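Okay, here's what each chain looks like letter by letter:
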Amino acid sequence: MTTPHEPILELKNISASYDAISVLHDVNITVQRGEVVALLGPNGAGKSTVLKVASALMRPTRGSISIAGLDLTGAAASELARLGVCTIPEGRGVFPNLTVHENLQMAVRKGLPISVVQDRAFARFPILAERRTQLAGTLSGGQQQMLSLARGLATEPVLLMLDEMSMGLAPLVVADLYEQVKVIAAEGVSVLVVEQFARTVLGIADTAVVMSHGRVRFAGNAREVDEATLSSAYLGTKEADE
Amino acid sequence: MQQLVAYTVIGLTTGAIYALASSGLVVTYVTSGVFNIAHGAIGMIAAFCYWQVRFEWGWPAPAALIAILGVLCPVLGLAIDRVALRGLAQATEVTRLTATVALMAAFIGVAAWVWPPENRQPFRGFFEGNNVSVVGVNVGWNKIIALIAAVAVALGLRVLLYGTRLGIQMRAVVDNRNLAELNGARPARIASASWALGASLAGLAGVLLAAEVQLNIVPLTLLVINAYAAAIFGRLKSLPLTFLGAMALGLSEAYLLWGQGQSWFPETIGGFSTSGLRQATPTIFLFILLMLLPQAKLRAGAARVRERSVIPQWNTAILGVVVLIIGSVAVTGMLTRSNTIYMIQALIMALAVVSLVPLTGYAGLVSLAPLTFAGIGAVLMSKMPGDGNVLSLIAVVLIVASIGALVALPALRLEGIYLALATGAFALLVSILVFNQGKIFANGVAEVPPLRIPGVHLSQPRPKAIFLSITFAVVGLGLVALRRSALGRRFVAMKDSPLAGATLGMNLVRTKAMAFAISAAIASLAGALDAGKVAPDNYAFDRSLPILLLAIVGGIGSIGGAFFGGMLLGLNTVLASIVPSISNITRVTPGLIGLSMGRNPNGTSHQIATAFRPVTRHPLSLVIALSGAGTLWLLVVLDVVSHWGFFAALVVWGLGIVPNLPMLTIISGRPRTLCLSIAAVGMGVASFFDDVFDAAPTGGRLLAVIILFVVVGNAIRRVHTPAEPTSTSSPDLVGLTAFTAQELSKSDRAIKVVL
Chain A
17 MTTPHEPILE LKNISASYDA ISVLHDVNIT VQRGEVVALL GPNGAGKSTV
67 LKVASALMRP TRGSISIAGL DLTGAAASEL ARLGVCTIPE GRGVFPNLTV
117 HENLQMAVRK GLPISVVQDR AFARFPILAE RRTQLAGTLS GGQQQMLSLA
167 RGLATEPVLL MLDEMSMGLA PLVVADLYEQ VKVIAAEGVS VLVVEQFART
217 VLGIADTAVV MSHGRVRFAG NAREVDEATL SSAYLGTKEA DE
Chain B
2 MQQLVAYTVI GLTTGAIYAL ASSGLVVTYV TSGVFNIAHG AIGMIAAFCY
52 WQVRFEWGWP APAALIAILG VLCPVLGLAI DRVALRGLAQ ATEVTRLTAT
102 VALMAAFIGV AAWVWPPENR QPFRGFFEGN NVSVVGVNVG WNKIIALIAA
152 VAVALGLRVL LYGTRLGIQM RAVVDNRNLA ELNGARPARI ASASWALGAS
202 LAGLAGVLLA AEVQLNIVPL TLLVINAYAA AIFGRLKSLP LTFLGAMALG
252 LSEAYLLWGQ GQSWFPETIG GFSTSGLRQA TPTIFLFILL MLLPQAKLRA
302 GAARVRERSV IPQWNTAILG VVVLIIGSVA VTGMLTRSNT IYMIQALIMA
352 LAVVSLVPLT GYAGLVSLAP LTFAGIGAVL MSKMPGDGNV LSLIAVVLIV
402 ASIGALVALP ALRLEGIYLA LATGAFALLV SILVFNQGKI FANGVAEVPP
452 LRIPGVHLSQ PRPKAIFLSI TFAVVGLGLV ALRRSALGRR FVAMKDSPLA
502 GATLGMNLVR TKAMAFAISA AIASLAGALD AGKVAPDNYA FDRSLPILLL
552 AIVGGIGSIG GAFFGGMLLG LNTVLASIVP SISNITRVTP GLIGLSMGRN
602 PNGTSHQIAT AFRPVTRHPL SLVIALSGAG TLWLLVVLDV VSHWGFFAAL
652 VVWGLGIVPN LPMLTIISGR PRTLCLSIAA VGMGVASFFD DVFDAAPTGG
702 RLLAVIILFV VVGNAIRRVH TPAEPTSTSS PDLVGLTAFT AQELSKSDRA
752 IKVVL
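Here the protein sequences come in this chain order: A and B.
Take the position in the first sequence, starting the count at 1, then add 16; the result is the number in our numbering.
Take the position in the second sequence, starting the count at 1, then add 1; the result is the number in our numbering.
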């Protein structure tokens with residue numbers, strides 16, 4: 017399923033800090049075209065910071081970011097979004113005071129009229145069509161997540177980045193959403209999933225990256241991630257010589 | 002019936018102008034999150050500019066309108082967004098609000114400077130002289146146009162915000178800025194667009210209103226109060242409700258005007274005149290609306306990193322107090338009588354400014370009414386029996402403190418801008434309805450008796466100035482004690498996270514009331530101790546704004562900052578009166594100083610404190626600094642140097658050389674010789690200032706002193722600081738306690754690290 021040697025997202029030697037506290041140390045992560053990468057690790061490992069850096073919401077202190085071979089270090093988040101990077105941040109990625117329809121309008125670009133955006137979104141999640149005129153803040157948690165996914169995917173991104181999609185959702189809803197992510201990946205979109213609950217995503221991921229304390233501890237085939245690797249990252253037990 | 006129609010038409014057209022103004026306010030607020038206090042001032046500036054091009058330069062009306070509303074206003078809006086507010090995106094609401102207060106002050110200053118009130122051509126409305134008959138009532142075209150414009154703007158904004166991509170993006174940015182950016186929106190550009198639009202709407206309202214009330218700076222600027230009232234009616238969100246509120250306001254004003262002309266309308270109520278009622282309508286409207294707002298929801302406060310307040314230390318506080326008192330004794334000894342009076346004014350200002358330290362600095366509550374409490378203090382003191390008895394003063398302070406707490410009570414449910422507006426409305430109400438009463442200020446003046454203390458003649462300027470310094474010192478020490486007490490910690494906790502405070506069992510209502518009471522009590526001193534004839538204008542709403550401004554500029558969390566702010570205000574007044582040629586510039590300075598906040602949200606005093614901190618921690622430097630000042634004092638007493646020489650030398654010494662002392666005691670060799678020579682030359686020039694600047698006027702001399710200390714200070718710093726400054730301390734040595742600070746500095750220098 018993976019087409020090798022066509023990196024979509026490349027984070028090279030990324031270090032980042034919040035004021036004096038450095039949170040990322042020399043992080044290297046690559047996402048190939050059509051690949052699903054699961055970024056795992058315990059609380060405070062630096063996963064969300066990686067996403068912030070990758071989506072240009074935060075500037076790294078060192079290192080470079082390229083998208084499809086284009087060096088975009090220092091670009092604005094809006095530029096990356098326009099180049100086809102779709103990020104769904106932690107929590108609900110919707111505008112609560114805008115209607116479903118208006119939320120979808122945020123995806124409208126040159127050459128991408130609202131009718132196309134709507135058709136694509138409603139095809140993926142038909143329930144949204146019924147809620148067209150409702151304020152997004154009044155949708156259920158799962159529907160809000162669907163809306164943000166639908167809105168992001170309507171722009172036909174090359175890279176989809178999801179941060180803690182499972183947060184605050186019922187397990188069944190989470191399973192449904194990750195089914196959709198699988199479909200998306202099959203369509204050829206590269207996906208970077210950040211998730212604290214490892215088992216949920218390892219099932220759909222090709223590659224897994226395990227982080228702890230701001231460093232990458234393991235990067236490789238998702239099926240090679242075993243209990244030992246995970247527990248050493250999560251619990252801090254001594255790692256096998258790797 | 003005919004009259005009812007006539008007054009309804011008047012009300013609706015006035016309402017239409019308010020609607021235009023308030024819709025602009027709402028648009029900028031919802032899209033940029035900044036509540037623009039300067040909104041009315043923008044309209045005022047636009048009205049003046051329109052008058053300039055239309056009536057002075059004779060442009061045709063359409064061209065003038067395009068130039069002002071289509072070009073000037075959008076550019077002004079963009080400039081405000083880019084220059085004044087961009088740097089404050091991460092600052093607290095208080096700081097951002099104050100930045101717009103600064104803008105308002107600056108605009109008022111500019112208008113008063115550029116368009117002095119003498120011989121103005123009248124401002125004529127559109128098609129003036131031609132009327133239209135509406136149901137038998139003659140209505141001017143200006144009014145009709147106002148109505149049409151309001152309807153058009155209402156429809157246009159509706160379409161813009163709900164039907165266009167730009168509008169939806171504007172609303173999305175408000176909802177979640179980061180998320181909007183992740184969706185490809187450019188928040189900075191969107192904010193600029195909304196500022197341009199808001200400024201144009203303010204301009205349109207200003208031009209239409211000017212035709213009704215003519216070119217007067219204050220009424221045009223206070224148009225914003227009407228706009229606030231209408232905007233609050235729409236909860237700062239809903240445009241339809243905002244329009245409804247504006248119309249209701251316009252109508253109630255018109256009907257009150259009608260009522261006042263009728264025989265049944267009481268001219269006085271309980272001996273108080275009702276003539277101010279109509280003028281106060283928008284404010285009363287605003288006040289009632291604010292009181293009816295639902296309880297603010299408690300939110301977990303976000304940690305702000307840009308503004309830091311340091312817990313005051315006793316040793317620095319006592320040092321400051323000693324310097325202040327000795328300094329005031331020394332300085333007043335050589336000032337002329339009139340200059341001492343200026344100093345008294347500056348000290349009164351400093352007291353008013355420091356009243357905001359517990360309220361705004363500690364507790365995070367904004368007040369636009371510090372001088373109102375001072376005014377109440379002055380009035381009470383003048384009415385109090387005992388003729389300046391100390392007991393009367395205590396009674397006055399206690400009464401004003403309880404008034405402060407009482408005013409706070411209805412406002413306690415509010416926070417942020419709503420609270421700030423409520424205090425502003427209170428200030429205006431007191432100004433219009435209370436201070437303007439003949440019973441309160443007979444013939445517009447009240448006589449505040451000087452405080453009577455046995456053996457001290459407080460009616461004389463010098464003892465009064467010294468007494469005020471001591472009062473300020475006592476208040477300052479009291480505030481240090483407050484900040485270090487449990488109550489002070491509760492204030493700060495309430496500012497940082499009301500939610501966390503409440504869950505820990507803190508009584509927010511009582512804490513807020515306490516903050517207001519303490520602040521009002523301090524402010525009352527600024528009124529009650531200002532003996533002499535005072536006028537209600539001294540305590541007007543627009544005078545309170547620079548107080549807040551300078552408090553924030555000085556550094557709202559610190560007492561030294563408040564003192565600095567008060568002195569700056571005082572100095573500004575002094576400059577205006579002794580150097581008339583620059584009096585116009587001094588009208589603009591508080592505003593301009595306020596705008597510098599974007600780069601320095603912690604306040605100037607924080608910067609100064611940072612510069613002086615090494616000195617206070619270095620005993621040798623401290624001794625040298627104080628003995629240097631002492632020597633100068635001796636020299637002036639022995640008549641070796643003149644008063645001006647003393648002043649100049651003290652400034653050069655204190656601000657130019659003292660901050661560099663710790664460095665000077667460490668470095669050696671050529672740089673040291675060079676630094677010492679610069680210092681010596683600087684001090685020499687300053688000491689014999691009179692010989693050098695023999696014929697220069699006072700303003701020129703002040704300027705020369707400033708240039709002198711800046712040059713000396715920077716020259717010394719250049720010489721002893723290595724070319725490329727690196728980090729502030731050497732990480733390898735931090736935590737080592739076996740070395741003295743001096744040894745650490747030495748080794749830091751050896752490895753080229755600047756301490």
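Treat the hints with care, as some may be off.
[Stated by the list, open to error] Among the chain B residues that face chain A by a calculated CB cut under 10 Å, a handful are: (1) S134; (2) R159; (3) Y163; (4) A181; (5) R719; (6) V720.
FYI, nobody ran anything at the bench for these hints, they're computed from the structure.
Everything numeric in this text was worked out from a predicted model, so none of it was measured.
Even for Gly, the Cβ is constructed at its ideal location relative to N, Cα and C.
Here's how the hints hold up against the structure:
no., hint, verdict
1, S134, "violated (44 Å)"
2, R159, "violated (14 Å)"
3, Y163, "holds (8 Å)"
4, A181, "holds (7 Å)"
5, R719, "violated (29 Å)"
6, V720, "violated (31 Å)"
Of the numbered hints stated above, those contradicted by the structure are hints 1, 2, 5 and 6, listed in ascending order.
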